[in-house]
Amino acid sequence: MTQRQLDPDKIDVILATDCGSTTTKAILIEKVDGHYRQTHRGEAPTTVEEPVADVTVGVTNAATEVGELASRRLVDENGEIIRPARGNEGCDIYISTSSAGGGLQILVTGVVEEMSAASAKRAALGAGAIVLDVISSNDRRRPHEQIQRIRELRPDMVVMAGGTDGGTKKHVVKIAELVAPAKPRPRFGGKYRMPVIYAGNQEAAALVANTFDESVTLSVVENVRPTLERENLEPARDCIHDLFLEHVMAHAPGYNRLMEWTDAPIMPTPGAVGNILRQIAERNGINAVGVDIGGATTDVFSVFDGVFNRTVSANLGMSYSISNVCAEAGMPSVLRWVHLDMDERELRNRVKNKMIRPTTIPQTLEALVFEQAVSREALRLAYLQHKEFATTLKGVQQQRTVGDTFSQLSSGQSIVNNMTLNLLVASGGVLSHAPRMEQTAAMMIDAFEPEGFTELAKDSIFMMPHLGVLAQVHPQAALEVFERDCLIYLGTCIAAKGRGRAGRPCFRYEIEGPSLREQGEMPVGEMKLFPLGPEDRARVKIEPRRGFDVGAGSGRPLEKEVRGGTVGLILDTRGRPLILPDDRSECRQAVATWTQTLGLYDS
5 MTQRQLDPDK IDVILATDCG STTTKAILIE KVDGHYRQTH RGEAPTTVEE PVADVTVGVT
65 NAATEVGELA SRRLVDENGE IIRPARGNEG CDIYISTSSA GGGLQILVTG VVEEMSAASA
125 KRAALGAGAI VLDVISSNDR RRPHEQIQRI RELRPDMVVM AGGTDGGTKK HVVKIAELVA
185 PAKPRPRFGG KYRMPVIYAG NQEAAALVAN TFDESVTLSV VENVRPTLER ENLEPARDCI
245 HDLFLEHVMA HAPGYNRLME WTDAPIMPTP GAVGNILRQI AERNGINAVG VDIGGATTDV
305 FSVFDGVFNR TVSANLGMSY SISNVCAEAG MPSVLRWVHL DMDERELRNR VKNKMIRPTT
365 IPQTLEALVF EQAVSREALR LAYLQHKEFA TTLKGVQQQR TVGDTFSQLS SGQSIVNNMT
425 LNLLVASGGV LSHAPRMEQT AAMMIDAFEP EGFTELAKDS IFMMPHLGVL AQVHPQAALE
485 VFERDCLIYL GTCIAAKGRG RAGRPCFRYE IEGPSLREQG EMPVGEMKLF PLGPEDRARV
545 KIEPRRGFDV GAGSGRPLEK EVRGGTVGLI LDTRGRPLIL PDDRSECRQA VATWTQTLGL
605 YDS
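Sequential numbering of the sequence shown, starting at 5, is according to my numbering.
Each hint should be verified, as a subset may be incorrect.
List time: in silico EDC-like cross-link candidates among lysine to aspartate or glutamate, alpha-carbon distance up to 20 Å [what the hints assert, rightly or not]:
| no. | residue 1 | residue 2 |
| --- | --- | --- |
| 1 | Lys14 | Glu522 |
| 2 | Lys501 | Glu514 |
| 3 | Lys173 | Asp242 |
| 4 | Lys532 | Glu514 |
| 5 | Lys35 | Glu370 |
| 6 | Lys391 | Glu370 |
| 7 | Lys356 | Glu392 |
| 8 | Lys174 | Glu118 |
| 9 | Lys391 | Glu539 |
| 10 | Lys532 | Glu453 |
| 11 | Lys564 | Asp553 |
| 12 | Lys35 | Asp11 |
| 13 | Lys356 | Glu370 |
Hints listed in this document are in silico derivations from the structure and should not be mistaken for laboratory results. Here the structure is a predicted model, which is why all the values come from computation and not from measurement.
Put together the whole structure using the sequences plus the hints.
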């Protein structure tokens, strides 16, 4: 990769691309009146596969389209990105992310699945990887089954963990003795040695190295779990990024040339998305959750109290994996979000058609309502998986009270707390391209069940990957574009935690804003929408009844300033956890009422 000295004050034109599995997306960021703004975007088919087998062709095609829209020549006659900018041609820096060719795929191993292996998995997911499998001494497979599984997989690299520093070495070496004879083969280019990262007990590193022959390239980094009470994921994450460039990208078609063009290391797309979410949460001192729902997978990112987590639900998506969603959730769970009369047999045929033709979009109201019902279940299940993974460290001896004596949850509790969640960000086709912003907001509220005061936003054109890698070289530009052009704020949701009988009082509210003054009381089981524009703010005071909590404790009032958006201010007294009526007709009537209140499908 070409390393140039970059002076942030002299960067006025930025070109960024994201090489996806099917589409390469390019955006142009320019300094306008002293502020960085995203000005133009373009896209072209990704060309990493045959017959082209050169990722740079798709990149130059997308860059050329952006250049034509911006009346700026970005690609020269040799098909290369022009740098630096001069007049109406070129850019000052060029950066890229990639998930082409299936993204970064990693095999994780550890001694104990819930401890060292879980820490290694968190490091791999945080680096933007898809974890193919986790091999551990307690995963209930016999050694020959584990070796066979390792042979079947074609990972880009292996991440090994195990043991605390200074602890036992025997079990760590035993895991290495499973990997070494299996001789895992890389996905791209059979002529290079498989990268293996060892991030376990440092005193066992030499013994682990002795188990491998010249068929692997071993990198030893600091232990991901140096003690039971502490995780240390950054060294492993950094090493994964480095090896991703040196080995994986270097052997993928055309990436050598692309790496010579970029002014920052190419990042895996999910790693870049996580990076910008972490930066925003850190800068604003907030807790944030982001989701990217695709055709085959759903990625969930979270930052709570500075701790970042990412999960990939590989079986939950809106086209290729739509049948998995319906099977895992159950068709009755999907249908509870549908307010129209639909035939279940016809819906099952609709699911099969979506799998056969994954790029189709809904053409009728019924098809749209059903697809958005499926999305609610996909998001709900993905978030449940994320909560189970984003936990405090398991195996830690914690001080217990008398009340905890019989509890099995003394460690490994989820750090995801919807009551302290400040910002919920949506991206992915079904959320980003919903015909109405109200539909996006409703899907997010129903699936994630935010509690208390939560801002809702969506990624306008899936710009977060570009900004995540830009944040590595120019944080100011990345944060400015994120706030001004990337996020579309939908508004704020205020929801009460607690359960009560429908119709009984839930809370009183007082809203005071420049153009909005409202007060009243809401019973359990309702939703209300108040217009509050993207530039507007209002003071809202909520006085919950006993048994309900909006952030200050059961029955305690709370007053906050809230932000408006394209949808507005939503008050939700349906209760948390959100439980819909069991009776089908009663459920349909309730959903129809909420749908009408939010104006989801009004003609």
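Cross-check of the supplied hints:
1. Between lysine 14 and glutamate 522 the alpha-carbon distance is near 49 Å, which puts this suggested pair outside the 20 Å criterion.
2. Proposed proximity of lysine 501 and glutamate 514 is supported: the alpha carbons are some 19 Å apart, at most 20 Å.
3. Proximity of lysine 173 to aspartate 242 is assessed by CA-CA distance (about 25 Å); at most 20 Å being required, the pair is judged violated.
4. Between the alpha carbons of lysine 532 and glutamate 514 the distance comes to roughly 13 Å, so the proposed pair stays at or under 20 Å and holds.
5. At roughly 44 Å between alpha-carbon atoms, lysine 35 and glutamate 370 are farther apart than 20 Å, so this suggested pair is violated.
6. Between lysine 391 and glutamate 370 the CA atoms are separated by roughly 32 Å; this puts the pair beyond 20 Å, and the hint is violated.
7. Restraint check for lysine 356 and glutamate 392: the C-alpha separation of about 30 Å exceeds 20 Å, so the hint is violated.
8. Simply put, lysine 174 and glutamate 118 have alpha-carbon atoms about 18 Å apart, close enough for the 20 Å limit, and the pair holds.
9. For the hint linking lysine 391 to glutamate 539, the alpha-carbon distance of about 33 Å lies beyond 20 Å, and the restraint is violated.
10. Proposed proximity of lysine 532 and glutamate 453 is supported: the alpha carbons are some 16 Å apart, at most 20 Å.
11. Only pairs whose Cα atoms come within 20 Å are accepted, and lysine 564 paired with aspartate 553 is accepted, the gap being roughly 14 Å.
12. For the hint pairing lysine 35 with aspartate 11, the CA-to-CA distance comes to about 14 Å; that is within 20 Å, so the pair holds.
13. About 16 Å separates the Cα atoms of lysine 356 and glutamate 370, which keeps this hinted pair within 20 Å; it holds.
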